[in-house]
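1 is the number of the first residue of the sequence shown in this note's numbering; add one for each residue after it.
Calculated from the structure, these hints are not laboratory results.
Derived DSS-like pairs: lysine-lysine, alpha-carbon spacing no greater than 25 angstroms straight-line:
hint, residue 1, residue 2
1, Lys106, Lys67
2, Lys16, Lys67
3, Lys106, Lys149
4, Lys67, Lys95
5, Lys249, Lys16
6, Lys149, Lys95
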Amino acid sequence: MLVAVAAAAGPARAEKRVALVIGNSGYRSVPSLPNTANDARAMAALLRNSGFDVVQPRHDLGVLDFKRALREFMGVARDADIAVVYYAGHGVEVKGGNYLIPVDAKLARDYDVEDEAIPLERVMWSIEGARVLRLVILDACRDNPFLGKMQRTVSMRAVVNGLATVEPAAGNTLVAFAAKAGSVAADGVGRHSPFTAALLNHIAEPGLDVRLAFGRVRDEVLRETGGAQEPFVYGSLGGTTVALVPAAKPAAPVVTAQDLQRDYELAERVGTVAAFETFLARHGSGFYAELARAQIAKLGERAGQGAVAA
Numbered sequence: 001m002l003v004a005v006a007a008a009a010g011p012a013r014a015e016k017r018v019a020l021v022i023g024n025s026g027y028r029s030v031p032s033l034p035n036t037a038n039d040a041r042a043m044a045a046l047l048r049n050s051g052f053d054v055v056q057p058r059h060d061l062g063v064l065d066f067k068r069a070l071r072e073f074m075g076v077a078r079d080a081d082i083a084v085v086y087y088a089g090h091g092v093e094v095k096g097g098n099y100l101i102p103v104d105a106k107l108a109r110d111y112d113v114e115d116e117a118i119p120l121e122r123v124m125w126s127i128e129g130a131r132v133l134r135l136v137i138l139d140a141c142r143d144n145p146f147l148g149k150m151q152r153t154v155s156m157r158a159v160v161n162g163l164a165t166v167e168p169a170a171g172n173t174l175v176a177f178a179a180k181a182g183s184v185a186a187d188g189v190g191r192h193s194p195f196t197a198a199l200l201n202h203i204a205e206p207g208l209d210v211r212l213a214f215g216r217v218r219d220e221v222l223r224e225t226g227g228a229q230e231p232f233v234y235g236s237l238g239g240t241t242v243a244l245v246p247a248a249k250p251a252a253p254v255v256t257a258q259d260l261q262r263d264y265e266l267a268e269r270v271g272t273v274a275a276f277e278t279f280l281a282r283h284g285s286g287f288y289a290e291l292a293r294a295q296i297a298k299l300g301e302r303a304g305q306g307a308v309a310a
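Hey, can you work out the whole structure from these sequences and the hints?
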């Protein structure tokens with residue numbers, strides 16, 4: 001029984017969790033967003049304090065820096081188990097495609113999104129290498145001031161506030177919107193937007209499945225906005241629990257003197273080197289550990305003498 005318990009207690013590989021956190025606030029062609037910098041800083045701190053291996057905070061990215069940040073993060077996420085990209089800032093839907101807007105964008109014409117904005121697909125490419133969960137969180141469905149002055153070359157309905165429905169092509173991928181497709185999210189009157197405030201309350205709860213966490217985020221945002229804003233998550237996962245933060249490990253059981261004596265006597269009855277080594281794997285120090293090491297040495301001497309006699 002002792003051997004079986006020791007084998008089952010072998011160390012499990014820790015998940016590698018990485019995150020890129022982007023907050024765009026200081027837009028140059030339109031008024032700044034007051035809360036996005038606060039939102040991004042708080043999210044980065046939450047993930048860092050929750051044990052993420054890598055958290056890359058980025059603020060006020062122009063288009064070239066935005067592309068560079070995604071390219072660099074792709075290398076970080078390649079061997080990760082969980083990869084997260086969080087973005088707070090402006091976004092726009094053009095002809096059914098979603099774009100995130102860098103701070104140096106002007107978007108004088110609708111087709112300028114191809115050069116001046118970041119397609120959502122490019123964000124999703126950056127996390128394709130993650131094995132267990134690929135998560136994009138977009139607090140980007142705000143009322144967009146670029147639209148009022150944008151020259152339209154396609155139909156008026158092709159450029160709208162909010163973001164379009166997205167269906168991730170890769171499995172184990174979720175894309176969370178602050179507000180469901182086609183609707184607008186509030187920037188918030190407090191320190192954080194309603195969506196990010198709810199995220200900070202729920203997504204890092206240890207052991208909580210990410211789908212249930214976003215369900216709680218939805219409920220809180222609906223409650224806080226009087227039903228005006230409903231977050232939405234697109235994509236799907238399998239049937240196993242996937243938590244951004246693993247459940248806390250149970251406390252190690254207290255080992256009493258009787259436990260030590262019982263385990264040592266069991267190893268002594270078995271009488272092999274393997275049995276005493278198994279004992280030492282569980283009880284590596286103290287009086288009985290020294291006895292076990294002495295027994296291993298004695299058994300080794302006997303084995304050597306037997307080999308010589310043969």
